[in-house]
Amino acid sequence: MKVKETPGRKIFRVVNVLFLTAISFICLAPILYTVMASFSDPVSLINSRSMLFWPAGEITLSGYELVFGNKSIWKSYGNTIFYVTAGTIVGIFATSVAAYIFSRKYFAPKNFCMLLISFTMLFNGGLIPNYILISRLGLIDSRLVMIIPGAINVFNLIVLRTAFMGIPDSLEESARLDGAGDFCIFFRIIAPLSKATISVVVLFIAVAQWNSWFLPSLYFNDRDLFPLQLILREILIVGNMSLTNASSDVSSQFSIYTLLIQYCTIVVSTLPILCIYPFIQKYFAKGVMIGSIKG
Amino acid sequence: MYFAALAIMIYFLIFSFLPMGGLIMAFQKYKIVKGIFGSRFVGLDNFKRFFEGPYFFRTLINTLRISLLDLLFSFPAPIILACLLNELRGQKFKKTVQTITYMPYFLSTVVFCGLIRNFTDSRGFVTQIVNSLGGSYESMITDTGAFIPIFIITNIIQTIGFNSIIYLAALSSVDQELYEAAKIDGAGYWKQWLYVTLPGISSTVIIMLILRMGQIMNVNYEKVILLYAPSTYDVADVISSYIYRAGLQGGDYSYSTAVGLFNSVIGFILILIANMISKKFSETSLF
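Residue numbers (the numbering used here), protein chains in the order written: chain A, 1 to 295; chain B, 1001 to 1287.
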């Protein structure tokens, strides 16, 4: 059935498409600018005062050469990959074990335990007591600080527990009759049945690790341990000039290269995520849904 | 199994409840060498210092101002986006817009704030555009008048796409027969939106709104710390960023713990109130 559109409706459609195109452009502009700037000529880039749709001046790769030749960027890149991998493995393991135990009907104190744990989500000791605790535990300048203290995120725990509780008890009971232990039940029944939720939580943990800069900035003094985000902060926010010390021939012209290097570093550090993201997009959507069902 | 449960509870005891015990130092004159047990008890002196000092009013007002303005603008934005996307007929265009608007969400806070600073400083193209439209900024990011608009607009840009996911899901679950019925009753598109679409997603909107209400005291302080400068402290310095400066940069442990405790207690009360309202109106509560 074709319904004839009113003129007002037609106008709305056109305006809507234009408006959404404009929004998309605004969301895309920072990324587009960054990519174009990273290929620009350093001097033209400094003098540029407008949005870039094409690299300013001659196309160069000199910024990338400086970035690729920079040891601290690569070092921190490696650190971040380590923190993300180790943090995610430990995190998902600890969180699912906790979620499994606290979702078992026969585990009597589960509600009491969850009550205590949920309370920590609403109220916490705050910045300073946490800092003092970490330093008393000797975790300052230790790689463990990225992995242990944040291993179990309460929100993720609740999401996983909700998923585990949704699995029918009868499955577990019949497995037990067949002689399966907790270990077997978790890996053979619970985990495969909640694959989607587990992958969402893995994603949440990994992205949180990748992005984290505030706590590492408190807990690390040793530059060799810095995650990528802290080096990025130095380059982008603090405007640290020690960057090109490695290649002294350009350090005299450093001020020229500052901006170019900033954009090249952003591209190098963000590209992997932006390339993966269209593929994980659907999981993120699922994750948001799960989080809200809980609410 | 009980052993594993015990280990998990010990983990929370150490990393969550021990710092709560550390809140005692808010009532002490804490000295690192003496520790929690040896430091002198001073009662409410630290709180008094905060309430009577110049920072109390400034940081509290800034926290509330940024939070409430952010709520006012960046909360409805994804709802509007979702409704507009829902009106599209072309699925390809819809998918493209979605993919693009999710993108800023995947820039890390540090990178995003770095870009904001570059684009809005004296050479930045955003500053140039605003100036050509009648603004007169030397550098927007260090301008007290421009800081909050920048903060909120960039929040919208970063989260609009991602936050619209949930509303799109709610929209897709609105019963299509209701639209047919409304058409037969002679409702135009606008009326259909008002009487079918909006009620259909209202429960999701209310839940999200309540969740946000509970977060009012938790301004995105990481972003504040990355964006503010001494010249914008007057409008940008929130309670959390002040705790960070006074406590970790200034080393005034007891005092900033007291400020933090004040912030947490207010935040906790807000969550309880939000939860209570939620129970009353939508029969859904968080706990």
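Keep in mind that the hints are not guaranteed to be accurate.
Unchecked claim - Derived DSS-like pairs (lysine-lysine); straight-line CA-CA distance at most 30 Å:
1. Lys1183(B) / Lys1094(B)
2. Lys75(A) / Lys1280(B)
3. Lys195(A) / Lys110(A)
4. Lys195(A) / Lys105(A)
5. Lys1223(B) / Lys1048(B)
6. Lys1048(B) / Lys282(A)
7. Lys1092(B) / Lys1191(B)
8. Lys1095(B) / Lys1191(B)
9. Lys1095(B) / Lys10(A)
10. Lys1183(B) / Lys10(A)
11. Lys110(A) / Lys1280(B)
12. Lys1183(B) / Lys1092(B)
13. Lys195(A) / Lys1095(B)
14. Lys10(A) / Lys1191(B)
15. Lys105(A) / Lys1279(B)
16. Lys1034(B) / Lys1048(B)
17. Lys10(A) / Lys1092(B)
18. Lys75(A) / Lys195(A)
19. Lys1094(B) / Lys1191(B)
20. Lys1280(B) / Lys1191(B)
21. Lys282(A) / Lys1029(B)
22. Lys282(A) / Lys1223(B)
23. Lys1034(B) / Lys282(A)
24. Lys1031(B) / Lys1048(B)
25. Lys1031(B) / Lys1095(B)
26. Lys1223(B) / Lys71(A)
27. Lys1279(B) / Lys110(A)
28. Lys1094(B) / Lys195(A)
29. Lys1029(B) / Lys1048(B)
30. Lys1094(B) / Lys10(A)
Just so you know, the hints here were simulated from the structure itself, not pulled from any lab data.
Quick caveat, the model's predicted, so the values are computed rather than measured.
Now for the hints, and whether the structure bears them out:
1. Between lysine 1183(B) and lysine 1094(B), the direct Cα distance comes to roughly 24 Å. Compliance with the 30 Å bound is thereby established for this hinted pair.
2. The straight-line distance between the Cα atoms of lysine 75(A) and lysine 1280(B) is roughly 54 Å, outside the 30 Å bound, and the hint therefore fails.
3. About 23 Å separates the Cα atoms of lysine 195(A) and lysine 110(A), which keeps this hinted pair within 30 Å; it holds.
4. Under the criterion of a C-alpha separation no larger than 30 Å, the hint pairing lysine 195(A) with lysine 105(A) is consistent with the structure, at around 21 Å.
5. The hinted pair formed by lysine 1223(B) and lysine 1048(B) meets the criterion: a straight-line CA distance of about 29 Å does not exceed 30 Å.
6. A distance of roughly 51 Å separates the Cα atoms of lysine 1048(B) and lysine 282(A); the hinted pair therefore is violated under the 30 Å criterion.
7. Our distance criterion of 30 Å between C-alpha atoms is met by lysine 1092(B) and lysine 1191(B), whose separation comes to about 27 Å.
8. The suggested pairing of lysine 1095(B) with lysine 1191(B) holds, with an alpha-carbon distance near 26 Å, which does not exceed 30 Å.
9. For the given pair, lysine 1095(B) sits about 21 Å from lysine 10(A) by alpha-carbon distance, which is consistent with the 30 Å threshold.
10. Only pairs whose Cα atoms come within 30 Å are accepted, and lysine 1183(B) paired with lysine 10(A) is accepted, the gap being roughly 17 Å.
11. At roughly 28 Å between alpha-carbon atoms, lysine 110(A) and lysine 1280(B) fall within 30 Å of each other, so this suggested pair holds.
12. For the proposed pair lysine 1183(B) and lysine 1092(B), the alpha carbon gap of about 27 Å is at most 30 Å, so the pair holds.
13. For a cut-off of 30 Å, the pair hint linking lysine 195(A) to lysine 1095(B) stands: about 26 Å separates their Cα positions.
14. Between lysine 10(A) and lysine 1191(B), the direct Cα distance comes to roughly 16 Å. Compliance with the 30 Å bound is thereby established for this hinted pair.
15. In summary, the hint linking lysine 105(A) to lysine 1279(B) is supported, as the alpha carbons are separated by about 27 Å, within the 30 Å threshold.
16. Distance hint between lysine 1034(B) and lysine 1048(B) is fulfilled; the C-alpha atoms sit about 23 Å from each other, no more than 30 Å.
17. Between lysine 10(A) and lysine 1092(B) the CA atoms are separated by roughly 19 Å; this keeps the pair inside 30 Å, and the hint holds.
18. With a C-alpha separation of about 33 Å, the suggested pairing of lysine 75(A) with lysine 195(A) is violated against the 30 Å cut-off.
19. With a CA separation close to 23 Å, the supplied pair lysine 1094(B) and lysine 1191(B) stays within the 30 Å bound.
20. Distance restraint check for lysine 1280(B) and lysine 1191(B): the Cα-Cα separation of roughly 28 Å lies within the 30 Å cut-off, and the hinted pair is therefore satisfied.
21. Between the alpha carbons of lysine 282(A) and lysine 1029(B) the distance comes to roughly 52 Å, so the proposed pair goes past 30 Å and is violated.
22. In summary, the hint linking lysine 282(A) to lysine 1223(B) is supported, as the alpha carbons are separated by about 27 Å, within the 30 Å threshold.
23. A distance of roughly 53 Å separates the Cα atoms of lysine 1034(B) and lysine 282(A); the hinted pair therefore is violated under the 30 Å criterion.
24. Between the alpha carbons of lysine 1031(B) and lysine 1048(B) the distance comes to roughly 19 Å, so the proposed pair stays at or under 30 Å and holds.
25. Pair hint lysine 1031(B) plus lysine 1095(B) does not hold up; C-alpha atoms about 58 Å apart against a cutoff of 30 Å.
26. In summary, the hint linking lysine 1223(B) to lysine 71(A) is supported, as the alpha carbons are separated by about 27 Å, within the 30 Å threshold.
27. About 24 Å separates the Cα atoms of lysine 1279(B) and lysine 110(A), which keeps this hinted pair within 30 Å; it holds.
28. Restraint check for lysine 1094(B) and lysine 195(A): satisfied, since their Cα atoms lie roughly 28 Å apart, inside the 30 Å limit.
29. Between the alpha carbons of lysine 1029(B) and lysine 1048(B) the distance comes to roughly 13 Å, so the proposed pair stays at or under 30 Å and holds.
30. Straight-line distance between C-alpha atoms of lysine 1094(B) and lysine 10(A) comes to about 18 Å, which keeps the hinted pair within the 30 Å bound.
Violated hints, listed in ascending order, are 2, 6, 18, 21, 23, 25; each of the other numbered hints is respected by the structure.
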